[in-house]
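Protein chains: 2
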Amino acid sequence: MTPTRRGRPRDTTVDERVLRIAADLIFRHGYTRLSIDEVAEQAGVAKTTLYRRWPTKDHLAVAVVARLQEDDEITETGDIRRDLTDYLTKVAAGLNRMRAAGRDDGHDDPSAGVAGEMVAAAARHDDIGALARDLYERRNALALAMIRRACERGELRQDLDAGTLLDQLAGALYYRVLITGARVDRAYAERLVENALVGAASP
Amino acid sequence: MTPTRRGRPRDTTVDERVLRIAADLIFRHGYTRLSIDEVAEQAGVAKTTLYRRWPTKDHLAVAVVARLQEDDEITETGDIRRDLTDYLTKVAAGLNRMRAAGRDDGHDDPSAGVAGEMVAAAARHDDIGALARDLYERRNALALAMIRRACERGELRQDLDAGTLLDQLAGALYYRVLITGARVDRAYAERLVENALVGAASP
Chain B
1 MTPTRRGRPR DTTVDERVLR IAADLIFRHG YTRLSIDEVA EQAGVAKTTL
51 YRRWPTKDHL AVAVVARLQE DDEITETGDI RRDLTDYLTK VAAGLNRMRA
101 AGRDDGHDDP SAGVAGEMVA AAARHDDIGA LARDLYERRN ALALAMIRRA
151 CERGELRQDL DAGTLLDQLA GALYYRVLIT GARVDRAYAE RLVENALVGA
201 ASP
Chain V
1 MTPTRRGRPR DTTVDERVLR IAADLIFRHG YTRLSIDEVA EQAGVAKTTL
51 YRRWPTKDHL AVAVVARLQE DDEITETGDI RRDLTDYLTK VAAGLNRMRA
101 AGRDDGHDDP SAGVAGEMVA AAARHDDIGA LARDLYERRN ALALAMIRRA
151 CERGELRQDL DAGTLLDQLA GALYYRVLIT GARVDRAYAE RLVENALVGA
201 ASP
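Going down the list, the protein sequences come from chains B and V.
At position 126 of the first sequence (counting the first as 1) the number is 126 in the working numbering, and the numbers step up by one without a gap.
At position 176 of the second sequence (counting the first as 1) the number is 176 in the working numbering, and the numbers step up by one without a gap.
It should be emphasised that the hints constitute simulated quantities derived from the structure, not laboratory data.
Be a bit skeptical, because a hint or two may be false.
Derived DEER-like restraints, expressed as beta-carbon distance ranges [to be verified]:
1) E190(V) with R153(B): 21 to 29 Å
2) T77(V) with D24(B): 53 to 61 Å
3) I74(V) with T49(B): 49 to 57 Å
4) A130(V) with D159(B): 38 to 46 Å
5) T77(V) with R183(B): 31 to 39 Å
We put the beta carbon where it would ideally sit given N, CA and C, even for glycine.
In isolation and in its complexed conformation, chain B is listed as follows (with noise of 0.2 Å):
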């Protein structure tokens, strides 16, 4: 690592455009096409300050997905049915875009598309891996404080294991996109959330 010599702080707007061209290149032509050296020519920008700050293609596409996954915000009504499903939907919607991405006829195709190359992604590199579950950690705060509201209001039960549920609601969708290629949208969430909430055990 050699400092540069003026201390100069990261150029952030340099950043952002690295990150929409690359997000644009994923969505329009799918991950296997992706390259660093593409974005780079696009962006007008040395390769090896790109390769300095995202050493492969995984870790410049996992930032891709961290840059649109902070522009997912949580609304909370009070009603938790509604509020659920909104949020399930966003995710679902989320992974709709990673399922679809580069592909033609991406509505009915049940590949899980740039989705499962995250997973994979996360897996492979320690880095990359430890960034992905920081994500889903700080988005899940907010889901996993949004649930404890809905408790302490009296909505949900007070002795909730509130992990668990949003393990059940969030992998559901996570586990339909990647292992069984069923489609997730606003309908399938809202049977989700009305299932774990009524649950399953006869009355």
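Given the coordinates of chain B, assemble chain V onto it according to the supplied hints.
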């Protein structure tokens, strides 16, 4: 494709041997170091034979996982809490084995390991995706039948959406292994089943 001259049926004992060797290599050294050439050498089979049957190492690895999952059986005692917990404990064990493959300190390593590579392989190759989805569909059909019998017995709600329940249960395990890096074991399976059966809503 050159058909063999005498239309000889495929030698399944060779398949078995190849898959056993490949499994051993994956579980000892991890996915990255698996190579078709090395499997061919250890099995004493021509490389071309292996490449004809499994065009990439993704194809070979999925065949290994498919072979291992065939050994998983569902046991049914008639107590759905116990039966689901047993089933999910087996699924978790399979995931943990893939997670730990080729890692020295597999136990506390949060990486999804080979499980993550398998997800990407299914996303990347349409034929592997179709094969993997078919595999999960067959496995899930057994679990769904078990859930439906519990509905008929009156342990679970008659109007239960069995598919969504299974998404939530299996999904939570995959979500922890592939996404959040959390542990999965029998204690977690128990919590998961209890949570899903009781439901999150206030009584």
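Against the structure, the hints come out as follows:
Between E190(V) and R153(B) the beta carbon distance is about 28 Å. The supplied range of 21 to 29 Å therefore holds. For T77(V) paired with D24(B), a C-beta distance near 55 Å keeps the hint of 53 to 61 Å intact. Our hint of 49 to 57 Å for I74(V) and T49(B) holds, since their Cβ atoms are close to 55 Å apart. Separation of A130(V) from D159(B) is about 43 Å and conforms to the stated range, judged on CB atoms against 38 to 46 Å.
Under the hint 31 to 39 Å, the C-beta atoms of T77(V) and R183(B), about 34 Å apart, fit the expected range.
This entry satisfies every hint, going by the numbered hints stated previously.
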